[in-house]
Amino acid sequence: CWKDPTSIFFQPSRAHVSTYSSYRIEQAVRHAEFASTLAGSKFRTSDHTPPDLCIGIPSVRREGVSYLKLALGSLQHGLSPEERMRLHFVVLLAHINQTEHPDHNEPWLTGMADQLAAYQDDEERLELAETMESQPHAVKSKFDYSIVMEECAKTEAPYMLIMEDDVVFLDGWRHRTINALNNAMAKSWEAGHTHCKFVCWPGSTNGVGLDLLTKVKLGSSI
Numbered sequence: 001c002w003k004d005p006t007s008i009f010f011q012p013s014r015a016h017v018s019t020y021s022s023y024r025i026e027q028a029v030r031h032a033e034f035a036s037t038l039a040g041s042k043f044r045t046s047d048h049t050p051p052d053l054c055i056g057i058p059s060v061r062r063e064g065v066s067y068l069k070l071a072l073g074s075l076q077h078g079l080s081p082e083e084r085m086r087l088h089f090v091v092l093l094a095h096i097n098q099t100e101h102p103d104h105n106e107p108w109l110t111g112m113a114d115q116l117a118a119y120q121d122d123e124e125r126l127e128l129a130e131t132m133e134s135q136p137h138a139v140k141s142k143f144d145y146s147i148v149m150e151e152c153a154k155t156e157a158p159y160m161l162i163m164e165d166d167v168v169f170l171d172g173w174r175h176r177t178i179n180a181l182n183n184a185m186a187k188s189w190e191a192g193h194t195h196c197k198f199v200c201w202p203g204s205t206n207g208v209g210l211d212l213l214t215k216v217k218l219g220s221s222i
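Mapping of the sequence shown onto the working numbering: residues 1 to 222, in sequence order.
Rather than coming from a laboratory, the hints here were simulated on the basis of the structure.
Keep in mind it's a predicted model, so treat the numbers as computed, not measured.
Accuracy of the hints is not assured; some may be wrong.
Said to hold, decoys possible - FRET-style restraints, in silico, Cβ to Cβ:
(1) F10 - E123: 53 to 63 Å
(2) Q11 - E130: 49 to 59 Å
(3) Q135 - I178: 28 to 38 Å
(4) C1 - W173: 27 to 37 Å
(5) E123 - E164: 22 to 32 Å
Even glycine gets a Cβ: it sits at the ideal position worked out from N, Cα and C.
From just these sequences and the hints, can you work out the full model?
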């Protein structure tokens, strides 16, 4: 009852203790320290196979605190080498002068990120960033999200996860996420098949347009 806010026995001092989060943060920090030894390593294979999931994280300087290490550490802690290989991490230190970010050139960052994006990667992007730096964070953050989304799209991953840098992931997040995506895709396929079964296109079978449904099944844009 002490965990239930509606109970007269509720004890906020006990209920609000972040026991699991603290434990997960410790694991994330240990993994980041290990990743410091992997700086320069290649996690993705060179056979051009798209990753299962691309994860994009824009990160800005925060006064007195940095969350990026915890986010990346919790995302990668507990992954097998094969699972890690099927993911692609894009990190953007969202400053024109990236040395302003406290995590710039940190060994753990280069040990965990597959790609470190920068405004300087594209002349037009840099010009727009120079204008955006004077804008409120709510405006500029959308610009930063668009950059990591664009880089993720280049990997041809069927799915992308775009997140802020102040999130700690629980153990087992990957298989839960992949299972949820597979279930969503299966349900979308079933719904698409049901709604399209009375519509015929050239080259269709049983009243279903093969090209259309193939794209739905694979998650491609139509």
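How the hints compare with the structure:
1. F10 - E123: 53 to 63 Å: holds (57 Å)
2. Q11 - E130: 49 to 59 Å: holds (52 Å)
3. Q135 - I178: 28 to 38 Å: Holds, since Q135 and I178 (Cβ atoms, about 36 Å apart) stay within the stated range.
4. C1 - W173: 27 to 37 Å: holds (30 Å)
5. E123 - E164: 22 to 32 Å: holds (27 Å)
Consistency with the previously given hints is maintained throughout, with no hint failing.
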